[in-house]
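What follows is the residue order along each chain.
Protein chains: 2
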Amino acid sequence: LTDIYSQFVPSSFSPKEIFNYAPGGGDKELRALWHEYQIEKNPTLKTKAITQPLVTGGLTHGMSLIGELFVDNGDDLVLPNLFWDNYDLIYGEKFGANLIYFNFYNKEEGFNVEGMKQALLSSKQKNVRILLNFPNNPTGYTPTREEVDQIVEAFKEVVASGKNILVLSDDAYFGLFYENETAKESLFARLCDLDEHIFAIKGDAATKEEMVWGFRIGFLTYGFKGASKVALDALINKTLGAIRCTVSNCDRPGQSLLLKALKEGKNVKADKERTFKEMESRYLEVKEVLREQKSKFLKPYPFNSGYFMAFDTCGHSAEELRTYMLDKYGIGVINIADKTVRVAYCSVEIDNIEDLITVLFKAAEEIWN
Amino acid sequence: LTDIYSQFVPSSFSPKEIFNYAPGGGDKELRALWHEYQIEKNPTLKTKAITQPLVTGGLTHGMSLIGELFVDNGDDLVLPNLFWDNYDLIYGEKFGANLIYFNFYNKEEGFNVEGMKQALLSSKQKNVRILLNFPNNPTGYTPTREEVDQIVEAFKEVVASGKNILVLSDDAYFGLFYENETAKESLFARLCDLDEHIFAIKGDAATKEEMVWGFRIGFLTYGFKGASKVALDALINKTLGAIRCTVSNCDRPGQSLLLKALKEGKNVKADKERTFKEMESRYLEVKEVLREQKSKFLKPYPFNSGYFMAFDTCGHSAEELRTYMLDKYGIGVINIADKTVRVAYCSVEIDNIEDLITVLFKAAEEIWN
Numbered sequence: 006l007t008d009i010y011s012q013f014v015p016s017s018f019s020p021k022e023i024f025n026y027a028p029g030g031g032d033k034e035l036r037a038l039w040h041e042y043q044i045e046k047n048p049t050l051k052t053k054a055i056t057q058p059l060v061t062g063g064l065t066h067g068m069s070l071i072g073e074l075f076v077d078n079g080d081d082l083v084l085p086n087l088f089w090d091n092y093d094l095i096y097g098e099k100f101g102a103n104l105i106y107f108n109f110y111n112k113e114e115g116f117n118v119e120g121m122k123q124a125l126l127s128s129k130q131k132n133v134r135i136l137l138n139f140p141n142n143p144t145g146y147t148p149t150r151e152e153v154d155q156i157v158e159a160f161k162e163v164v165a166s167g168k169n170i171l172v173l174s175d176d177a178y179f180g181l182f183y184e185n186e187t188a189k190e191s192l193f194a195r196l197c198d199l200d201e202h203i204f205a206i207k208g209d210a211a212t213k214e215e216m217v218w219g220f221r222i223g224f225l226t227y228g229f230k231g232a233s234k235v236a237l238d239a240l241i242n243k244t245l246g247a248i249r250c251t252v253s254n255c256d257r258p259g260q261s262l263l264l265k266a267l268k269e270g271k272n273v274k275a276d277k278e279r280t281f282k283e284m285e286s287r288y289l290e291v292k293e294v295l296r297e298q299k300s301k302f303l304k305p306y307p308f309n310s311g312y313f314m315a316f317d318t319c320g321h322s323a324e325e326l327r328t329y330m331l332d333k334y335g336i337g338v339i340n341i342a343d344k345t346v347r348v349a350y351c352s353v354e355i356d357n358i359e360d361l362i363t364v365l366f367k368a369a370e371e372i373w374n
Numbered sequence: 006l007t008d009i010y011s012q013f014v015p016s017s018f019s020p021k022e023i024f025n026y027a028p029g030g031g032d033k034e035l036r037a038l039w040h041e042y043q044i045e046k047n048p049t050l051k052t053k054a055i056t057q058p059l060v061t062g063g064l065t066h067g068m069s070l071i072g073e074l075f076v077d078n079g080d081d082l083v084l085p086n087l088f089w090d091n092y093d094l095i096y097g098e099k100f101g102a103n104l105i106y107f108n109f110y111n112k113e114e115g116f117n118v119e120g121m122k123q124a125l126l127s128s129k130q131k132n133v134r135i136l137l138n139f140p141n142n143p144t145g146y147t148p149t150r151e152e153v154d155q156i157v158e159a160f161k162e163v164v165a166s167g168k169n170i171l172v173l174s175d176d177a178y179f180g181l182f183y184e185n186e187t188a189k190e191s192l193f194a195r196l197c198d199l200d201e202h203i204f205a206i207k208g209d210a211a212t213k214e215e216m217v218w219g220f221r222i223g224f225l226t227y228g229f230k231g232a233s234k235v236a237l238d239a240l241i242n243k244t245l246g247a248i249r250c251t252v253s254n255c256d257r258p259g260q261s262l263l264l265k266a267l268k269e270g271k272n273v274k275a276d277k278e279r280t281f282k283e284m285e286s287r288y289l290e291v292k293e294v295l296r297e298q299k300s301k302f303l304k305p306y307p308f309n310s311g312y313f314m315a316f317d318t319c320g321h322s323a324e325e326l327r328t329y330m331l332d333k334y335g336i337g338v339i340n341i342a343d344k345t346v347r348v349a350y351c352s353v354e355i356d357n358i359e360d361l362i363t364v365l366f367k368a369a370e371e372i373w374n
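Chains as they are written, first to last, in the working numbering: chain A, 6 to 374; chain B, 6 to 374.
Be a bit skeptical, because a hint or two may be false.
Given that identical chains are not distinguished, each listed pair holds provided it fits within a single copy or across any two copies.
In silico DSSO-like pairs for lysine-lysine, Cα to Cα no more than 27 Å straight-line [stated by the list, open to error]:
#: 1; residue 1: K21; residue 2: K282
#: 2; residue 1: K265; residue 2: K21
#: 3; residue 1: K131; residue 2: K333
#: 4; residue 1: K265; residue 2: K168
#: 5; residue 1: K367; residue 2: K161
#: 6; residue 1: K344; residue 2: K131
#: 7; residue 1: K131; residue 2: K112
#: 8; residue 1: K344; residue 2: K99
#: 9; residue 1: K21; residue 2: K53
#: 10; residue 1: K234; residue 2: K301
#: 11; residue 1: K112; residue 2: K161
Since the hints were derived computationally from the structure, they do not count as laboratory data.
Given only the sequences and the hints, what does the whole structure look like? Please build it.
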């Protein structure tokens, strides 16, 4: 349609870059470029035999495809007890997985590696699945380098007990790391050639990494130790079949727009840097404001990364606080399982963050004191 | 990203129309507009209580959602024996439906209404499902007005026998009708308030109707006689849940581009008319050329609409002909179940159509005579 085509700057794209079907699995150049980017962001990947990323219709589509391919009714899936509620919908409700939870934090307020290991070992099944999302949604926590070493050791021990593990790393918020000690590479980089019995999957997306939320462009990458080309090709082909059965192929204009920006864009780096700096300053402001707030009703969970942070509502109803905040103050927060309130500081101007947090603590006092 | 934003003509879109998440179920204005369009194209719909179309990630995504919501393992699904092979992948392989086939054509070379009715009645289940795709892929056949009346009567008879029927109309190629006697409205318009026991679903898409193949924008619409607002809202909410579990939400830039073109585009109508005329002239040319070709190896199936037509290979291997055409003549045709060859004349310039058909008949002689 000329009316659609005329919305693009003249000569920037050929009609086929906008209107044609994208290849199943995605634009080849974009896939190759995303592969390079992953290596750049995760240098450990440089020498690893992994698949080239396949394009999915956003990160959720990737998660859903993994469910279709690797999660059957009754399969055990280990999750931390603070997680994105769509996991429950996708893996629990839709694919019928048996969800095994462990406490996200240990007593030292770090990532609960021991709890994770025990949860994996508690499964009576030989093949166990685990889904980890760092920076975690809703807590905004990413393990430290030391914790990542411990996680890797824990996986080795579970495998030594005779189990096979599928580890799905949801890297939706990858890159939003604000502290020195935080691990800066995806767990996938450590796991993709750790052991023949560990099947590592990386789900990531341009959605947040490249700040194109409305573009439905995610990626899936596979790796395991000793993987032959035949095995990796089979994984690719099974996934292509699943993509064909769910969406046929993924959005073309978004892929062309993203590819052009990544290839030729003069401002990409600066734009991303500026956004990162802005998010970092909001993060620091939240940290600062929280230092001055004390409450027996709201306990902030440790956080060091991502777009948001969460509070334990200490036995009180998070839903009650959510509706009160909305009705009385017109502020939207997210309730998780009625025990946790998530605050997305990414969408709050830095000047308003102090107000937001203060009002939240005030509201908790008003309804619970 | 400014680099992406700068690819659009200045001031044509706000950043949020390109970068933000689209609402679950799609852009509200686009949904309302698509609803109006469906009524314009299917005037019978004007007085019917149907749901407003929900946006899906292309037509395949709509088909897949219907599978998730309404097709369980072992459920009978009736299909004509000439069908798009993705139906088999989606409903047969993925959702485990038991596929019941009927011959697409009857002895008079029209749509086999009686065969369809018998197939529905042959099911031992109280609830039966049927999927009809007009213009049909791969044959390019759409029932005549008279045949549509007979189809409607057949459904009434099946319902009278005590069955409930789910009828999914895949209108992927809607509008590409070249003959006078062909029915010009979707079957959905006749079925959406025919009977309390008939649940009608319309799957359509901007993909071909608006010629934006690479944009993943499809729609799902529901209707049945006596449907209350509560019932229709429940259907919408179940579908929104399924969308959230598969792709979270659908592509934003595509929706904005399409909406703008449909709302303000000065050339939309003329562009579509020109493309239609071009397709019609290719269709007429294929008809013309076929009049001069006779072969005991290739029998063209009746066709009157769509983008392509198909040949019965009369007991010979369609795959053999496909590979021979590709190897010797560099021409791609599609093999279906080794018995049918599909020719997509939509992508062949009118001056080359005679050559294409002549070469196909020649190739059949070369390998089978």
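Hints, verified against the model:
1. K21 <-> K282: between (37 Å within a copy, 21 Å between copies)
2. K265 <-> K21: Both. Shortest intra-copy (14 Å) and inter-copy (20 Å) distances satisfy the 27 Å Cα cut-off.
3. K131 <-> K333: neither (51 Å within a copy, 52 Å between copies)
4. K265 <-> K168: neither (44 Å within a copy, 54 Å between copies)
5. K367 <-> K161: Classified as neither; 47 Å inside a copy, 63 Å across copies.
6. K344 <-> K131: Neither way: K344 and K131 sit 33 Å apart in one copy and 45 Å across, limit 27 Å.
7. K131 <-> K112: Neither way: K131 and K112 sit 29 Å apart in one copy and 57 Å across, limit 27 Å.
8. K344 <-> K99: within (24 Å within a copy, 37 Å between copies)
9. K21 <-> K53: Intra 34 Å, inter 38 Å, cutoff 27 Å: neither.
10. K234 <-> K301: Answer is neither; intra-copy 56 Å and inter-copy 45 Å both fail.
11. K112 <-> K161: within (23 Å within a copy, 67 Å between copies)
In this structure, the hints that do not hold are numbers 3, 4, 5, 6, 7, 9 and 10, in rising order.
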